[in-house]
Amino acid sequence: MSMQDAVARHVRDGDVVVIEGFTHLISFAAGHEIIRQRRRDLTLCRLTPDLIYDQMIAAGCARKLVFSWAGNPGVGSLHAFRRAVEGQTLEIEEYSHFGMVARFSAGAARLPFWTLRDYAGTDLPRANPRIKSVTCPYTGEALATVPALNPDVTIVHAQRADAQGNAQIWGLLGVQKEAAFASQRVIVVVEELVEERVIRADPNRTLIPAPIVSAVVVEPWGAHPSYAQGYYDRDNEFYLAWEAISRERTELASYLDEFVYGVRDRVEYMQKQPRLAERLKAGEQRCAGVNYGF
Amino acid sequence: MMAAVAARELADGEVVFVGIGLPNLACNLARRTHAPNLVLIYESGAVGATPSRLPVSIGDPALVTGSLMVCGMADVFQLFVQNGRIEVGFLGGAQVDRHGNINTTVIGSYEKPKVRLPGSGGAAEIAIHAQRILIISKLSVRTFPERVDFITSPGQRVAKVITDKAVLERDDASGDLVLAGLYPGVEANKVRAGVGWKLESRPRLNRLDPPTTAELQLLRDVLDPQRLYLRS
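In the order they appear, the protein sequences are chains Y and G.
Numbering follows the working numbering, with no gaps: position 74 of the first sequence is 74.
Numbering follows the working numbering, with no gaps: position 157 of the second sequence is 157.
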């Protein structure tokens, strides 16, 4: 399915949307298509909003942000996010990473909440009343709780999948498995479409199985400026450049005009930046493989 | 200097939860000097990482290549952090108060922030579960107020605060940060002027040696040749 069709069919105004991937495998291609299709009133959830949600906030897609760390890693601020929060135009619901992970875990297990030993002595429960506590019926200990997060749609970028959507990921795994299992609909975006036998040859690497997948989109370089281990490196130069681009509203708007609204799809996005592939293409570091025989 | 002092705080074989920036430099310096068996865990899921380049982000692909284990983040927080497997956690912050509480959330009120900061990330749970916390932060009254505007990470487990002038320790009796050691050529008054409360002092201050030639060479030529984090 094309990205246009996948977003048109599965991402609706007002949805709770998750594009996961911790630094690694963030589907910028999907975020850009959501911007192009001018989705509105979305509740965007992610541990680290990253540049992609900064762009979506700037483009006016978001009503609310649910998150645990909103910065530009190693660089500084997400300025569109900051402007929106400091100007009180964006609703926020804030956890810690463990809290967000626990919310997805509860959602994936179809439980109403998750317990964790956390938040004692912090001001986070005061800032977010949805962080509550429960008394353990076995030990009497007070444990923190967070509510399940069950998104309408979760979008995950993977290195490869078969046509049915059995998706394999290696490198940093983030919280994609939990987010996908917690979700009503799942879009898998891949660098490469492979035969089913490639998946079957290495089943331990499958993170997301076909029965929970609603759509498969093949989109090479779809994670740029994030990265795909074994395919291309993170574009740290772009993350640094975002500091200046996002600091000014007008700069940011012209970035979106040129690289999001100004292209039809990822192919055109890559054509605009002909030297990108050469600069970021991954080197070789292959693993030996294992014997699955019996 | 801060990276070298922080590196010396780490014992060989310890399990360390690494943050980005100076903590990352300190851990990799320790690993290449006195602590080759340090186990570096990053919240992104890399366990036993041996990054061949200085990671700009905590999720750099170089953390994966050649590491001992890569796991999902649910495993990081449940099986390592909450399980009590982290011996040392590094934290930093926009504000650190007299009790070692850290603020990385907002300056001003939460509802109408003057400055919106990134938030907790994994810092809240690291502060609660790591056996000891090391903070690295430059000294200034703005950064070290008597009380933080927002407690993102509680200070109970803070062992030391490594600054650019001195090292502070948490005094168990009072719960306050106190002056424990001075850098060469720094006077205690200079340090007192950099914090927003009346800073008490240990009866005997440690002398903190400057980085050795070998440490400097590793930091400048090998670990951070592009000067991403080594500015001072």
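Derived by calculation from the structure, the hints in this document are not laboratory data.
A couple of the hints might just be wrong.
As the list claims (entries may be wrong) - DSSO-like cross-link-like pairs, simulated, lysine-lysine; straight-line CA separation at most 30 Å:
| # | chain 1 | residue 1 | chain 2 | residue 2 |
| --- | --- | --- | --- | --- |
| 1 | G | K138 | G | K112 |
| 2 | G | K165 | G | K190 |
| 3 | G | K138 | G | K198 |
| 4 | G | K165 | G | K112 |
| 5 | Y | K132 | Y | K64 |
| 6 | G | K112 | Y | K64 |
| 7 | G | K190 | G | K112 |
| 8 | G | K198 | Y | K132 |
| 9 | G | K114 | Y | K132 |
| 10 | G | K190 | G | K138 |
| 11 | G | K114 | G | K138 |
| 12 | Y | K64 | G | K165 |
Unchecked claim - Among the chain Y residues that face chain G by a calculated CB cut under 7 Å, a handful are:
| # | residue |
| --- | --- |
| 13 | Q4 |
| 14 | D5 |
| 15 | L173 |
| 16 | Y227 |
Claimed, not checked - Per the computed footprint, the stretches of chain G lying under chain Y, defined by three or more beta-carbons under 8 Å from a beta-carbon of chain Y, are:
| # | segment |
| --- | --- |
| 17 | 43 to 57 |
| 18 | 87 to 95 |
All of these numbers come straight from a predicted model, not from anything done at the bench.
We treat Cβ as the ideally placed atom computed from N, Cα and C, and that holds for glycine.
| Is K114 of chain G close enough to K138 of chain G, meaning Cα to Cα at most 30 Å? | holds (21 Å)
| message | With the threshold set at 30 Å, check whether the alpha-carbon distance from K165 of chain G to K190 of chain G stays at or below it. | response | holds (8 Å)
| Evaluation of the interface hint that places Q4 of chain Y against chain G, nearest CB under 7 Å | violated (29 Å)
| request: Starting from K198 of chain G, check that the Cα of K132 of chain Y is at most 30 Å away, please. | output: violated (36 Å)
| said: For a C-alpha distance cap of 30 Å, please report whether K190 of chain G and K112 of chain G respect it. | reply: Measuring from Cα to Cα gives roughly 34 Å; hence the hint is violated.
| field | Coverage claim, chain Y over the segment 87 to 95 of chain G, checked by counting residues with Cβ within 8 Å (three needed) | value | violated (count 0)
| query | K132 of chain Y and K64 of chain Y: Cα distance at most 30 Å? | reply | Distance ~21 Å between K132 of chain Y and K64 of chain Y Cα, so the pair holds.
| message | Hint Y227 of chain Y vs chain G: min CB-CB distance below 7 Å? | response | Check passed: Cβ of Y227 of chain Y comes within 6 Å of chain G, closer than 7 Å.
| message | For the restraint on D5 of chain Y, tell me whether the closest CB of chain G is nearer than 7 Å. | response | At 30 Å from the nearest chain G Cβ, D5 of chain Y fails the 7 Å test, so the hint is violated.
| request: Could you grab the alpha-carbon distance between K64 of chain Y and K165 of chain G and see if it respects the 30 Å cut-off? | output: This hinted pair is violated, its Cα atoms lying about 42 Å apart.
| task | For the pair supplied as a hint, K190 of chain G and K138 of chain G, confirm whether the alpha-carbon distance does not exceed 30 Å. | result | The given pair, whose Cα atoms are some 13 Å apart, holds under the 30 Å limit.
| said: Need the status of pair K112 of chain G, K64 of chain Y: alpha-carbon distance at most 30 Å? | reply: holds (16 Å)
Hint compliance for this structure: hints 4, 7, 8, 12, 13, 14, 18 are not met, and every other hint is.
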